[in-house]
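Asks: Spelled out, the chains give:
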Amino acid sequence: MTAFGTAAGRPLQGRGGSPGFRFTVYAALAVVIMYLDQRAHYLEPARYALQSAAYPIQLAVNSPPTAWRWLRESFQSRESLRAENERLRAHQRDLELLAMRYAALAHENGELRGLREALPPVAERWLPAEIINIQLSGLRQRLLIDRGASNGVFKGQAVLDDRALIGQTTHVGPWSAEVILITDPEHAVPVRIERTGLRTIAVGAGDGSSLALPYLPANADVRGGDLLLTSGLGGVFPEGYPVARVSEVHRDAVQPLAQVRAAVLSHIDSDTEVMLVWFREGHPAAPASTAASGADARSGSPAMQPLAAPPRPAAAPRPDTAVAAASPPAPARAAAPPPRAAAPKPRAGPQAPVPAAPGGENPAAVIEAAAPPGDSPPPADTPADQPQVPPR
Amino acid sequence: MVTVGQMRFRITLTALVALILTVLPLPVWLDALRPAFLVLTVLYWSINTPRAGGIGLGFACGLMLDVFQGPVLGEHALALSIVAYIAVREHQRIRSKPAFQQSLLVFAALVFYEFVVFAIDGWTGHPVTSPLRWLHCLTGAIIWPPAAAILSYSEGRPA
Numbered sequence: 000m001t002a003f004g005t006a007a008g009r010p011l012q013g014r015g016g017s018p019g020f021r022f023t024v025y026a027a028l029a030v031v032i033m034y035l036d037q038r039a040h041y042l043e044p045a046r047y048a049l050q051s052a053a054y055p056i057q058l059a060v061n062s063p064p065t066a067w068r069w070l071r072e073s074f075q076s077r078e079s080l081r082a083e084n085e086r087l088r089a090h091q092r093d094l095e096l097l098a099m100r101y102a103a104l105a106h107e108n109g110e111l112r113g114l115r116e117a118l119p120p121v122a123e124r125w126l127p128a129e130i131i132n133i134q135l136s137g138l139r140q141r142l143l144i145d146r147g148a149s150n151g152v153f154k155g156q157a158v159l160d161d162r163a164l165i166g167q168t169t170h171v172g173p174w175s176a177e178v179i180l181i182t183d184p185e186h187a188v189p190v191r192i193e194r195t196g197l198r199t200i201a202v203g204a205g206d207g208s209s210l211a212l213p214y215l216p217a218n219a220d221v222r223g224g225d226l227l228l229t230s231g232l233g234g235v236f237p238e239g240y241p242v243a244r245v246s247e248v249h250r251d252a253v254q255p256l257a258q259v260r261a262a263v264l265s266h267i268d269s270d271t272e273v274m275l276v277w278f279r280e281g282h283p284a285a286p287a288s289t290a291a292s293g294a295d296a297r298s299g300s301p302a303m304q305p306l307a308a309p310p311r312p313a314a315a316p317r318p319d320t321a322v323a324a325a326s327p328p329a330p331a332r333a334a335a336p337p338p339r340a341a342a343p344k345p346r347a348g349p350q351a352p353v354p355a356a357p358g359g360e361n362p363a364a365v366i367e368a369a370a371p372p373g374d375s376p377p378p379a380d381t382p383a384d385q386p387q388v389p390p391r
Numbered sequence: 000m001v002t003v004g005q006m007r008f009r010i011t012l013t014a015l016v017a018l019i020l021t022v023l024p025l026p027v028w029l030d031a032l033r034p035a036f037l038v039l040t041v042l043y044w045s046i047n048t049p050r051a052g053g054i055g056l057g058f059a060c061g062l063m064l065d066v067f068q069g070p071v072l073g074e075h076a077l078a079l080s081i082v083a084y085i086a087v088r089e090h091q092r093i094r095s096k097p098a099f100q101q102s103l104l105v106f107a108a109l110v111f112y113e114f115v116v117f118a119i120d121g122w123t124g125h126p127v128t129s130p131l132r133w134l135h136c137l138t139g140a141i142i143w144p145p146a147a148a149i150l151s152y153s154e155g156r157p158a
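So the protein lines, in turn, are chains H and V. Residue 231 in numbering that gives the first Met the number 0 is what sits at position 232 of the first sequence, and the numbering runs on without skipping anything. Residue 105 in numbering that gives the first Met the number 0 is what sits at position 106 of the second sequence, and the numbering runs on without skipping anything.
Extracted from the complex, chain H is given alone in its bound form:
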């Protein structure tokens, strides 16, 4: 056994006060930084600068896997390339068929909504981004991607892969951004069950592949295999994108709430690329942020007016407050379940023709806005709204 560092007579003499004094200064500095970052968010510029300083290191760290992938791809055999080409061609043909059908559906949907022409798709712009670093430790589920503010990425932007929703950006640097996954225990995404229209909130379970639905009552209509779509509440994610599929439902006689698990549809572990999406402002299926909805009311959007002048005073204000309460500015932390509309279930069907008068051109949006976000499944005569992404 040797003793490390027994060399005597260190020539090094630093400056500054005693260790105790320096410790006090640095500890106080750290606490102040933490307070400012946590409470006041004053440190976004500082974090931005530090993140840009850290970018070269992240690139260096990422270079071995990138080099390995490049090497493997460049030595791929001709046969495997041909096979992949064949597969992609078949896939492309399928997609083209789907797209043809999609155009017809979009047109039909536009007619149903009473608009003169079909709505443009809700996604305005896509940007593929490469995953630089993955933190899937079971503790935190984060990604680092190689696009940042210089590409127009903003905080709270939706991130998708080719199958489903992945998460949203949390910290944006100049050339990189951190993405919190929907499976992170700190993340919650407002969802809607496709089969019943029931809205709830899905919280990350922290194991990398599943979500928990902790706010469903024991008698809620949910079963295994149900597809969960984003509900569009909360102001971050647009409406109608696939999120997860219910994998297990456990009902306990003594528990008032059902224990529901859902498996996410995206494949983070095999992805190398993700998609950053910009959404069209003012689109009915776009994320309904509180600021945007206020502007809508002023500018006279038909979706908002009937709520301001309810025909039935007993029923109508409730959906209004419900919608407002369910879309707080910080949607990811919205731990509260959407308030369930109480006793009188206002059926959307009979209510629709009355308030449609002031706006006059978008009855479908009216029905959607006025439908209670509670546990009553919507009536069968709800129109086939919003363009659906075909479930896989």
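Bear in mind the hints are in silico, worked out from the structure with no lab data behind them. Watch out, some of these pointers could steer you wrong.
Computed Cβ-Cβ distance ranges for the label pairs, DEER-style [said to hold, decoys possible]:
| no. | chain 1 | residue 1 | chain 2 | residue 2 | range |
| --- | --- | --- | --- | --- | --- |
| 1 | V | Gln5 | H | Asn84 | 53 to 59 Å |
| 2 | H | Leu28 | V | Leu32 | 29 to 35 Å |
| 3 | H | Gln91 | V | Ile141 | 48 to 54 Å |
| 4 | H | Ser269 | V | Gly124 | 28 to 34 Å |
Here chain V is said to cover these stretches of chain H; the calculated rule only asks that three of the stretch's residues, wherever they fall, bring their Cβ under 8 Å from a Cβ of chain V [unchecked claim]:
| no. | segment |
| --- | --- |
| 5 | 25-33 |
| 6 | 43-50 |
| 7 | 244-257 |
Even for Gly, the Cβ is constructed at its ideal location relative to N, Cα and C.
We have chain H; now place chain V onto it with these hints.
Replies: Just chain V now, kept in the frame of chain H:
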């Protein structure tokens, strides 16, 4: 004879290498076992050159860690400052211990470090309660003797 400037350069270099080792992407099962290289490096320099390394080094390294993997800026900075302060205060006692006892002390320091991070995680509302987060203290203590030998080589004297 090594000047202070050279020493600072070497310390920065080792800290950079340790940071890269810390953020290098690894498979999930290996990730839990990964020792906290940066904490070990800060501990080494705080024990062996308490003037050139020490609390300021701990703070700077912690801030870099926060940028890479901290939910709140300043979290790892505070934890590493505390650990570095203890190491600087007790450096003469730790330095003269044989390697095995040093490993035990390093284990205690790592547990304390992880506890501080754990507590701040909880207070700031990002709790991570998985028992796996404590695993790296053990691997860190195991890897301490070879790590210290490598670092003492970088310091410019035989181990």
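Asks: Does each hint fit the structure? Answer for all of them.
Replies: Cross-check of the supplied hints:
1. V:Gln5 <-> H:Asn84: 53 to 59 Å: holds (57 Å)
2. H:Leu28 <-> V:Leu32: 29 to 35 Å: The hinted range 29 to 35 Å holds for Leu28 (chain H) and Leu32 (chain V), with Cβ atoms some 32 Å apart.
3. H:Gln91 <-> V:Ile141: 48 to 54 Å: Taking Cβ atoms as reference, Gln91 (chain H) and Ile141 (chain V) lie about 53 Å apart, which means the hint holds.
4. H:Ser269 <-> V:Gly124: 28 to 34 Å: Distance hint for Ser269 (chain H), Gly124 (chain V) holds at roughly 32 Å.
5. 25-33: Three-residue rule met by the segment 25-33 of chain H, so holds; n is 8.
6. 43-50: holds (count 4)
7. 244-257: violated (count 0)
In the structure shown, a violation is registered for the earlier hint numbered 7 alone.
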